[in-house]
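Asker: Each chain sits in its own coordinate frame; assemble them with the hints.
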Amino acid sequence: MKRAARSLTLAVLCQAVALAQDFSQRGFLETTGLFFPQTAPNDSGRAVGESLFRYELFYKPLNGLQFAGGFDAAFDTHQETDRAFAISFWDRERLRPAFAIRRLSAQYHRGRLTVEAGKQFVRWGKTDVLTPTDRFAPRDFLNVVDSDFLAVTAGRLTYGTQSDTIDLVFEPRLTPSRVPLLDQRWGVQAPGIPLAEAAPDFPGGPQFGARWNHIGTAAEYSLSFYNGYDHLPLYNAQLELAPLRVDLQRFYPQLRMYGADVAVPLKWVTVKAEAGYFTSSTPQSDEYALYVLQLERQTGEWSFVAGYAGQAITSHGTAIAYSPIRGLTRSVVARAAYTIDTNRSLAFETVVRQNGAGMYFKPEYSQAFGQHWRVTAGFALIRGRDDDFLGQYHRNSHAIVALRYSF
Amino acid sequence: MNKSHTRMNTDKHGSLKWIYPCLSVFIRVLLISSAFAQDARQIVEESQKRGRANSQRYEGVLEVIGPNSKVSKKSWMSERLGSYGNSKAVIRFSAPAEVKGVALLVVNHPERSADQWMWTPAVGRDRRIALQDRATRFFGTDFSFEDLEERDVDQFDYRLAGEETIDGAPCWRIEARPRAGKTSQYTLSRIWIRKDNYVPAQYENFIKDQLARRLRQTDIANVQGIWTARTLEMTDLRRNSRTVMRIEKLVYNTPMNEEDFTVQALRREQ
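Note that the protein sequences, when read in sequence, are chains S and G. In case it helps, this note's numbering puts the first sequence at residues 1 to 407. In case it helps, this note's numbering puts the second sequence at residues 1001 to 1270.
Only chain G is shown next, with the shape it has when bound in the complex (with noise of 0.2 Å):
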């Protein structure tokens, strides 16, 4: 059956020619996407590259805006130590008052998912957040567990799926879908790169082919050299609850010990 069909084709044109000049735009279309697959990763490490700092520090204030318009009021300290996917990042709550001192360590690994803890000074005992939690709300606010992770270029394989603007920048569309073996609760992650700067503009992720979560970072400031978004806003479409984070008193490259970013050290601080 199958020799009649391909002697019925070879018949039909005479010749087999007319395949090469298919598989040429076959080849042609693979080389393209190649290249822009190539590009959308080398502009993703460009952008992690101009981001990147030794250390960080910053206050986050934070306002969450439910479903029913009430408003939350929430802020914390945020510090971070290495360079962005290998870094170890400390987050203590400073207000309100209940949750003073709750703190997470995360561990952020180039070749796997982050470690993370979680401190509760009121019951003193610290938690690991385990892999099939982190797409659970962190503490009230619409930033998952997993969203307070660094991820490393090497962990996503990336698309270039367009140009668009965003709030009258123009921007790279980038899609990243995890590698295999990587664990994310995202099954695909939309990213707005400005072209002016290399700082994410936005980023839109998908559940299951639905759109659960998005990131817009704006108010973008020179500081210290580094091209940084102050203000962050993470919608969850699936609650219709938004969180808005101001990022205040940023500084980068400021000194920072390695024994503060431990689970001894979340224990410390108290």
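The following block holds chain S by itself, in its conformation from the complex (with noise of 0.2 Å):
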């Protein structure tokens, strides 16, 4: 009896545990042309091939207790990805690497505290077209147009109410976002005088960063503070005459941001803004603030968001600076999404200078097939003069075709 009675007990905590353990996975095989009309000064290539295999898996051993990691094999044709067989971990390198994990962190949960530690990704802000306070984001940015963002490794504590949250986040080590290689068509080349790329200069010491969020009736509304390095580089110019060249070295300047973000939900749109102040103790960087108002609404199958993107500079410095995130500044930038049917949609996206010396128009088409397979299909068209961050990739106009297979 007591035997068939230990047995059953075995056999409900077995099945307990085995209910409390959790694991899901998904990712996804994506392979993708591009084709350019034009070539570039430094490229001649019209077409390239990129593909990328992402695996993500989660693993809830306990309650409470979550694992998450993830994988990417990339492979391309244009040399942008690493061809050499190495597995990435810090995403620090020129090139994308051919295999890189891509996250790898341990959650813990109890109560109101959340703790994560490991490679993770951590988004702040609220809007979408320029996130100024979202500066845990490293992206790739070797297609300027259409970036990925990095993991970063990290710690990360928060502790909080639906209404009040705290967000404590510490890195010890800077992840770069990786910038245009300079033998390619996104990189860009001074007319007559050829570029080399020395070693980059890494900074040692880590990052720091602390938000709190409200969330309100009428308004949900942040204040964030963030100090360490920026993850977009200045860069040192030096001259060789034999032969002649420039040597650009890669740098990452001190920063310390404050910043503010605020949503709020009206009538007919719901109105977001978000401003960063950014200061830094590199002599050469500059000290500048960088805002946006945005207004976005869904109305039947649309949806729309509008805004600008506004800097100011406060104090200039005098290293080049490499910042598609402050490159489209002083901008109007609108999207529209319209969703056909189950399967079909469409969408459109823009950015205007507001000189009118650079534009970019990308409409794009979208179709599911089945549960698995999705094709996307649509061209960017970016139109400028060469002095203007958006307006120098004016022969970069191309079109995308995109097949993924989801799982």
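Source of the hints: derived by calculation from the structure; they are not laboratory data. These numbers were taken from a predicted model, which means no experiment stands behind them. Positions of the beta carbon are idealized from the N, C-alpha and C atoms, including for glycine. Please note that a few of the clues may not be correct.
[Said to hold, decoys possible] 30 Å max Cα-Cα, derived DSSO-like pairs, lysine-lysine:
| # | chain 1 | residue 1 | chain 2 | residue 2 |
| --- | --- | --- | --- | --- |
| 1 | G | Lys1208 | S | Lys60 |
| 2 | G | Lys1195 | S | Lys267 |
| 3 | G | Lys1049 | G | Lys1195 |
| 4 | S | Lys60 | G | Lys1049 |
| 5 | G | Lys1070 | S | Lys362 |
| 6 | S | Lys267 | G | Lys1249 |
[Unchecked claim] Covered stretches of chain S (in silico footprint by chain G; criterion: 3 or more residues with CB under 8 Å from a CB of chain G, positions within the stretch not fixed):
| # | stretch |
| --- | --- |
| 7 | 102-113 |
| 8 | 369-382 |
Answerer: What follows is the structure, encoded as structure tokens:
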């Protein structure tokens, strides 16, 4: 009798443990073709093929404890992706790694407290057209107008209720954004002078950030602070005479940010605003404010987002800066999406510089086939002057076709 | 002119006595309609009361049948904590693969419209769904964001409009209109509530006198003492499409934590 009871208890316990265990996974294999009608001075290629396999898994061995892992395998025809067999964890390579740990973290939560440690995604801010306060979100800018976020290796502590949340992030080692390659069409070449890239100077110090977010009945708002290094580089330039060339070395300036964001749903539209003021102890770096004001609305099958991204420089630095984030300011940005039916959708995106020196327009059509397949086709039209951040890419207008299998 | 008009009527009937029977009929009609209104509210209240549970968990298996008869399949997990109209719910997609992990948090309030946030893992951001955006379809289904809210009985004025039979079951037909100051895309909702178990058998939702959506609830079964419709069919009559949702693995009154129904928890679960 006792043995039967013991067996029963054991069976119930085993079942309870099995139920508590939770495993989920997702991923995709995507192949993209990019077709450029024009060549660029530093790039004669007109067609680029890219493939990306992404796999993410989540495992909850116990209630409150979760492990997240993610893996990327990439290949391309244009040598923007490294051909060497190596697995990247820190994402500091010049080329996109062929194999990379996309995320790897452990998360524990109990009551109002959540702690996550490891390589993870941290997204701050509320606006979409540009997010000045999103400081722990470096990106892969190898293709400037179609960038993907990179995870950061950090510890994150979140404490709060539904209405008030405090978020503390500590990133011991900077994950930089990946910038365009100098020998590719998204890398900018000065006419007549060859550029060479020297080994980058990565900072040794950590990053720290804190954010308080409040969710109210009428509005949501937050205050944020960041102290560390910019994930976008400045460049030291050195002229070499024999042979004639300019050596460029990336370095990452110290950065401190004071930020705020707010979202107010009104009767007709939702108004979102976000601003950050950036100071730096690095003398070559600018000090500046970035701000965004955007309106959004969904009606029927349409969704609209439109806004203005601005910049005010309070102190000019001396170094050459490369920042697609700042480069897209002083612009009107708009997005519209239309859902045709369950499987088909259209999207339009445009950026127009306020001085008319640059513009970008991207319509895209997407269709799903069955439960797993999706085809996306579109083009990006870029026009403008060589002295404008966006306009300098006027030779990079392109058509895109992507086929994705999700699982 | 008014005086002469009044005098003329008085003269014609000799006195104002004719008005008393009319007034009496009018008052009776008022009282009866008031009684009906009270009954309608009580029926809805009783329906909500009988469906009450501390928590609910189910897996929704959805088939979206488009105007061209193309079928797409989706599924989600739904968890709800709290009593009807004052509850919190999380709906998280588990299929198809490309929307796996997309989640919606609904925080219902008895005195006002619910708050909603959507989490999209691909962009790693949560987004509040504004009131004016809730007429939009929820991720390609025929349910709008508003349809996923619960409305407390005090947010509507009710009228018993008659009795009809739905799927062979006698039902009360009740009309519900949002009270002044309450926001809804629907100007009128007709609700058929079954007399035998108080389960709503059908809803018809009107926008500006045009029938916009019809929800039919069938496959009614007693689950842990609560009569529950396990098949919901939402038809969008303007798009000529419909979504059939089968409720599977339904459990009531299962232990859940308040902390799992926050924006923070949406992000946590990925």
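Asker: Against the structure shown, which of the earlier numbered hints fail to hold, in ascending order?
Answerer: 1, 2, 4, 6
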